[in-house]
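Trainee: Those protein sequences? They're chains A and B, same order as listed. In terms of this note's numbering, the first sequence opens at residue 1468 and continues consecutively. In terms of this note's numbering, the second sequence opens at residue 31 and continues consecutively.
Hints are computed from structural coordinates only; laboratory data are not their basis. Every residue, glycine too, gets a C-beta built ideally from N, C-alpha and C. Possibly wrong hints are sitting among the right ones.
[Said to hold, decoys possible] Covered by chain B, according to a simulated footprint, are these stretches of chain A (three or more residues, beta-carbon under 8 Å):
1. 1506-1512
2. 1573-1581
[As the list claims (entries may be wrong)] Subject to a maximum C-alpha distance of 20 Å in a straight line, what follows is the list of computed DMTMM-like cross-link-like pairs (lysine to aspartate or glutamate):
3. B/136 with A/1553
4. B/139 with A/1511
5. B/88 with A/1570
6. B/136 with B/118
7. A/1524 with A/1511
[Said to hold, decoys possible] Selected chain B positions facing chain A (Cβ under 8 Å, derived; list incomplete):
8. 74
9. 76
10. 97
11. 130
12. 131
13. 132
14. 137
Chain by chain, the residues run as shown.
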Amino acid sequence: DTGVSQDPRHKITKRGQNVTFRCDPISEHNRLYWYRQTLGQGPEFLTYFQNEAQLEKSRLLSDRFSAERPKGSFSTLEIQRTEQGDSAMYLCASSLGLAGTTDTQYFGPGTRLTVL
Amino acid sequence: AQSVTQLGSHVSVSEGALVLLRCNYSSSVPPYLFWYVQYPNQGLQLLLKYTSAATLVKGINGFEAEFKKSETSFHLTKPSAHMSDAAEYFCAVSPPGSQGNLIFGKGTKLSVKP
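Chain B on its own, in the form it takes in the complex:
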């Protein structure tokens, strides 16, 4: 069965520092991959998605992620953190042949220190 592993349930960075949130998936066939962000008391918002086109995917709010098949990874990065980036981030996969049902990781809570 497909699974998603997010390393680090909590990541803390200083404002202006690099943000790196890790995501690894288990699949012999590359799935479709997504990153969602969840702010307190709000629904999940799509940051970006990988659909087997370019391996470097650019999303909203300056975030990007790189698909690496050899490492089965899809890590999320942002060069310079803002205070407004503090939220919970979820990596998700949609296995090939599925009906679009998403399998989520457990999430990583990002804190940004002034």
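Excised from the complex, chain A in its bound form:
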């Protein structure tokens, strides 16, 4: 068990560019979550997957954002036409996907995005 990993750890881009982040969950974890954390705030839920199915999306996830988990393992989060307001830490978490909501989520170190 190597924990949740995220790549890259830091990304600096210019406004209008597209960026893609990757998350590798703990192996055999069925659920994968994406959160966004801005300065001085707690993480905010963006979306989550049960295996390869994307089951819920927050209204924070505008149409410029897209997430995939094609084989139910790693996931990617893409932001198109980035804006300065997208600057944040993007966190990924995974959990076993047990029934009920007491499932512990294990978080990765995050990808810090800076949009210039």
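For this one, chain A is given, so just place chain B on it according to the hints.
Mentor: Positioned in the frame of chain A, the structure of chain B alone reads:
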């Protein structure tokens, strides 16, 4: 909608003193409750969670929290602070019937003075 309020964005204590970090939630139905800790440049780590079993929950590193339904609170305590406890602490709720999505408070940064 569910919300979580953490009173005090910054708490400072002396080493060896009691740590008390406050968390209140808004819900007519008791949710599942969590405390996470975030050290600089690291991901969030679960300290403890309440799942409608015992109201006093013990976690890692000597932390514990008590669920009080009448006060809609889930405050985090530790009898004696260590320098290594300096970090940011987040309270989170998972509303009943949700898919486990967590709603976080804004966090409390704990400083420990020698």
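Trainee: Against each hint, give a clear statement of whether it holds in the structure.
Mentor: Going through the hints against the structure:
As drawn, the segment 1506-1512 of chain A meets chain B at 6 residues by the rule of a beta-carbon pair under 8 Å; at three or more, the given contact holds. As drawn, the segment 1573-1581 of chain A meets chain B at 5 residues by the rule of a beta-carbon pair under 8 Å; at three or more, the given contact holds. At roughly 18 Å between alpha-carbon atoms, residue 136 of chain B and residue 1553 of chain A fall within 20 Å of each other, so this suggested pair holds. The hinted pair formed by residue 139 of chain B and residue 1511 of chain A meets the criterion: a straight-line CA distance of about 18 Å does not exceed 20 Å.
Between residue 88 of chain B and residue 1570 of chain A the alpha-carbon distance is near 17 Å, which keeps this suggested pair within the 20 Å criterion. Restraint check for residue 136 of chain B and residue 118 of chain B: satisfied, since their Cα atoms lie roughly 10 Å apart, inside the 20 Å limit. Proposed proximity of residue 1524 of chain A and residue 1511 of chain A is supported: the alpha carbons are some 12 Å apart, at most 20 Å. The closest approach between the C-beta of residue 74 of chain B and any C-beta of chain A is roughly 4 Å, which is under the 8 Å cut-off, so the hint is satisfied.
Hint status for residue 76 of chain B: holds, given a least beta-carbon distance of 6 Å to chain A, under 8 Å. Hint status for residue 97 of chain B: violated, given a least beta-carbon distance of 13 Å to chain A, over 8 Å. Satisfaction of the interface hint for residue 130 of chain B is found here, the shortest Cβ-Cβ separation to chain A being roughly 5 Å, below the 8 Å cut-off. Given the 8 Å rule on beta carbons, the hint for residue 131 of chain B holds: about 5 Å separates it from the nearest Cβ of chain A.
For residue 132 of chain B, the suggested interface contact is upheld, since its CB lies about 7 Å from the closest CB of chain A, less than 8 Å. Here the hint on residue 137 of chain B is kept, as its CB sits about 5 Å from the closest CB of chain A, short of 8 Å.
In this structure, only the earlier hint numbered 10 is contradicted, and the remaining ones agree with it.
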